[in-house]
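From first to last, the protein sequence lines stand for chains A and B. In terms of our numbering, the first sequence opens at residue 1 and continues consecutively. In terms of our numbering, the second sequence opens at residue 274 and continues consecutively.
Just to be clear, a hint being listed does not mean it is correct.
Output of the computed footprint for chain A on chain B, the stretches with three or more beta carbons under 8 Å from beta carbons of chain A [to be verified]:
| id | stretch |
| --- | --- |
| 1 | 322-329 |
| 2 | 369-377 |
| 3 | 434-441 |
The list that follows gives simulated cross-link-like pairs (lysine-lysine, DSS-like), each with its CA atoms no further than 30 Å apart [unchecked claim]:
| id | chain 1 | residue 1 | chain 2 | residue 2 |
| --- | --- | --- | --- | --- |
| 4 | A | 201 | B | 349 |
| 5 | B | 475 | B | 417 |
| 6 | B | 509 | B | 536 |
| 7 | B | 419 | B | 404 |
| 8 | A | 201 | B | 391 |
| 9 | B | 559 | B | 536 |
| 10 | A | 19 | A | 65 |
| 11 | B | 387 | B | 349 |
| 12 | B | 546 | B | 536 |
| 13 | B | 401 | A | 201 |
| 14 | A | 65 | B | 334 |
| 15 | B | 391 | B | 346 |
| 16 | A | 201 | B | 395 |
| 17 | B | 387 | B | 464 |
| 18 | B | 546 | B | 559 |
| 19 | B | 352 | B | 475 |
| 20 | B | 346 | B | 493 |
| 21 | B | 471 | B | 404 |
| 22 | B | 287 | A | 65 |
| 23 | B | 350 | A | 201 |
| 24 | A | 201 | B | 419 |
| 25 | B | 417 | A | 201 |
| 26 | B | 509 | B | 493 |
| 27 | B | 464 | B | 546 |
| 28 | A | 201 | B | 353 |
| 29 | B | 464 | B | 419 |
| 30 | A | 201 | B | 387 |
| 31 | B | 404 | A | 201 |
| 32 | B | 350 | B | 387 |
| 33 | B | 471 | B | 401 |
| 34 | B | 471 | B | 546 |
| 35 | B | 471 | B | 509 |
| 36 | A | 201 | B | 352 |
Everything labelled a hint here was simulated from the structure, so no lab data went into it. Note that the structure is a prediction, hence the values are computed from the model and not measured. In this text, a Cβ means the ideal position worked out from N, Cα and C, and glycines have one as well.
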Amino acid sequence: MIKDVAFGQYYPVASFVHKMDPRAKILYLTAYIVLIFIVKNFYGFAVCAAFLALAVIFSRVPILKVLRSVRAIIFIIIVTFLINLFLHREDQDVVIFNWWIFTITYGSLRFALFMALRLVMLILGSSILTLTTTPVSLTDGIESLMSPLKIVRFPVHELALVMSIALRFIPTLMEETERIISAQKARGADFESGNLVSRVKALIPILIPLIISAFRRADELGDAMEARCYTGSKVRTKYKKLKLGVNDVIALFFVLAAFAGVIVLNVYTTAII
Amino acid sequence: MDVVARELTYHYNKGAKFAVLALDDVSLNIAEGEFFGVIGHTGSGKSTFIQHLNALIPVEKGSLIVGSYDLSKRDKKTKKSLPEVRKKVGMVFQYPEYQLFAETVYDDVAFGIKNFYKSADKSIIDQKVRKAIETVGLNYDEIKGKSPFTLSGGQKRRVAIAGVIAVEPEILVLDEPCAGLDPQGKTKLWKLLHDIHKTTAKTVIIVSHDMNDVAEQCSKAAMFDNGKIVAVGTPKELFSNVKLIENAGLEVPVTCYLTDELKELVDIDSDFKTSSFAKAFADAVKNR
Numbered sequence: 001m002i003k004d005v006a007f008g009q010y011y012p013v014a015s016f017v018h019k020m021d022p023r024a025k026i027l028y029l030t031a032y033i034v035l036i037f038i039v040k041n042f043y044g045f046a047v048c049a050a051f052l053a054l055a056v057i058f059s060r061v062p063i064l065k066v067l068r069s070v071r072a073i074i075f076i077i078i079v080t081f082l083i084n085l086f087l088h089r090e091d092q093d094v095v096i097f098n099w100w101i102f103t104i105t106y107g108s109l110r111f112a113l114f115m116a117l118r119l120v121m122l123i124l125g126s127s128i129l130t131l132t133t134t135p136v137s138l139t140d141g142i143e144s145l146m147s148p149l150k151i152v153r154f155p156v157h158e159l160a161l162v163m164s165i166a167l168r169f170i171p172t173l174m175e176e177t178e179r180i181i182s183a184q185k186a187r188g189a190d191f192e193s194g195n196l197v198s199r200v201k202a203l204i205p206i207l208i209p210l211i212i213s214a215f216r217r218a219d220e221l222g223d224a225m226e227a228r229c230y231t232g233s234k235v236r237t238k239y240k241k242l243k244l245g246v247n248d249v250i251a252l253f254f255v256l257a258a259f260a261g262v263i264v265l266n267v268y269t270t271a272i273i
Numbered sequence: 274m275d276v277v278a279r280e281l282t283y284h285y286n287k288g289a290k291f292a293v294l295a296l297d298d299v300s301l302n303i304a305e306g307e308f309f310g311v312i313g314h315t316g317s318g319k320s321t322f323i324q325h326l327n328a329l330i331p332v333e334k335g336s337l338i339v340g341s342y343d344l345s346k347r348d349k350k351t352k353k354s355l356p357e358v359r360k361k362v363g364m365v366f367q368y369p370e371y372q373l374f375a376e377t378v379y380d381d382v383a384f385g386i387k388n389f390y391k392s393a394d395k396s397i398i399d400q401k402v403r404k405a406i407e408t409v410g411l412n413y414d415e416i417k418g419k420s421p422f423t424l425s426g427g428q429k430r431r432v433a434i435a436g437v438i439a440v441e442p443e444i445l446v447l448d449e450p451c452a453g454l455d456p457q458g459k460t461k462l463w464k465l466l467h468d469i470h471k472t473t474a475k476t477v478i479i480v481s482h483d484m485n486d487v488a489e490q491c492s493k494a495a496m497f498d499n500g501k502i503v504a505v506g507t508p509k510e511l512f513s514n515v516k517l518i519e520n521a522g523l524e525v526p527v528t529c530y531l532t533d534e535l536k537e538l539v540d541i542d543s544d545f546k547t548s549s550f551a552k553a554f555a556d557a558v559k560n561r
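This is chain A alone, in the form it adopts within the complex (with noise of 0.2 Å):
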């Protein structure tokens, strides 16, 4: 049951998204979240629409997989759009419903679709970012693109250390719950019925074993680390080395044009819709 929550949900085929660098793959994310909060207009999410569609066909993940990414901030979307629809207002707008305190308009119920729409695009783009690249090769553009901060003394590598080993460990982590989830149950314990607080006490002979366990853990990673000499960043070299590729030189167009496309859009559309 706990496994099927997404996370760091790694689709494992070869594709050409796949094998792009880290880095241009977070640069680039941010370029078309940018680019999402710049569209004015309908048109110009048809433009970061088509962007994305290239993104997915390009990435080998069915776009089923790629949706999915929407469930988990769906109740996010849902309350947006209600809260825009009921209380947004603009000039000179037109009623289309009105009953109570509750009142809808052409362009409440424009805006309201409008905003939702731009948290859809602004998951999916990001799930495809999550769906292509390991965590770890994450955490390497993370790493990568911060090293300038090295010169403020910032501590880059221990951060992205610490990322990386908060990533390693939510599989074990969730392994290790579902053990104990099983454990308890054996002796008895129901998750299911009760009222809350009775189900939020239920919680207990979870979590103590689980925060234990997760200190332990980290009492024996810490170990092995010295027990192997690790002392951080300074003189520390990568097996892997990142490398900008072809493959990131054609997505930079993409990018490009994209951007000119809404901006385009942006200047000489003058249709609110």
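Given chain A, put chain B in place with the hints provided.
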């Protein structure tokens, strides 16, 4: 309570691209009163199989009957009987000391009792906790107020086992109960398990990949390989076929190799327990 499994099949991540066949057409009978060994190398399906026995894993295909409970049914009545099944089939997981959570040893051992005997009053719980702690060879008055996290590894494991046998299951299932224990702790634990087998739990099922243990301790065993059962029988029957065991990625007991090597010199007929092997060997030498 007998266990009757017929054509039991189970996949992990069913439906996904990465589905793993963990049990493949497993049929097995475990009669009441056995001290049963479930053997196989890592990933052979033995742990998956035993988790079916108290419905921690639902039956995907095939049938599984434990005592009077048909666990392959999905109706409401079966669902309602799940707590009963879990009460009668006690399960001790690998490294059970990692499931300890309560502030005191008493509370931890009482956890299962309170869950399964909802209406039991304090004196009955007290009595059951005391009995369980004493069964696992610990001093109740000395240990009941201690935090389980201050105990030694061996003591923790005993407390965790006490937490399961306190419920007085009819079938006790243990996954690698001796993993990580020193030889002395191992010997003590085996003795303890045989004691429990004689007193409270009618059937004991042990998962192990140490064939010496299985030869010494079990009355019968089933060998898993790749999700299938490749052999069932008494240790003597199983270990007579060295090839079969080695093909399943396991090592046979040392006594098997010895018997094999000595075959041409003397004829030794033993059930591969060290003691009976030694006796048979001595007899054979004497008669020669």
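Hey, residue 391 (chain B) versus residue 346 (chain B), does the alpha-carbon distance stay inside 30 Å?
Status holds; Cα separation ~26 Å.
Would the pair residue 19 (chain A) and residue 65 (chain A) pass a check requiring their Cα atoms to be no farther apart than 30 Å?
holds (19 Å)
Under the criterion that the straight-line Cα-Cα distance not exceed 30 Å, is the pair residue 350 (chain B), residue 201 (chain A) satisfied?
holds (27 Å)
What's the verdict on residue 464 (chain B) and residue 419 (chain B), does the C-alpha distance respect the 30 Å limit or exceed it?
holds (25 Å)
Within 30 Å, alpha carbon to alpha carbon, are residue 350 (chain B) and residue 387 (chain B)?
The hint holds at about 23 Å.
Hey, residue 387 (chain B) versus residue 464 (chain B), does the alpha-carbon distance stay inside 30 Å?
holds (28 Å)
Does residue 201 (chain A) sit within 30 Å of residue 401 (chain B), going by the straight-line distance between their CA atoms?
With Cα atoms ~24 Å apart, residue 401 (chain B) and residue 201 (chain A) stay inside 30 Å; holds.
Can the restraint linking residue 201 (chain A) and residue 352 (chain B) be considered satisfied, given a maximum Cα separation of 30 Å?
Within the cut-off at roughly 23 Å; holds.
Distance restraint between residue 417 (chain B) and residue 201 (chain A), which requires alpha-carbon spacing of 30 Å or less:
holds (22 Å)
Is it true that the CA of residue 201 (chain A) sits at most 30 Å from the CA of residue 419 (chain B)?
holds (22 Å)
Keeping to a limit of 30 Å between CA atoms, is the pair of residue 471 (chain B) and residue 509 (chain B) held or broken?
holds (22 Å)
Counting residues of the stretch 434-441 of chain B whose CB is closer than 8 Å to a CB in chain A, do you get three or more?
Check passed, 3 qualifying residues.
In this structure, none of the earlier numbered hints is contradicted; all agree with it.
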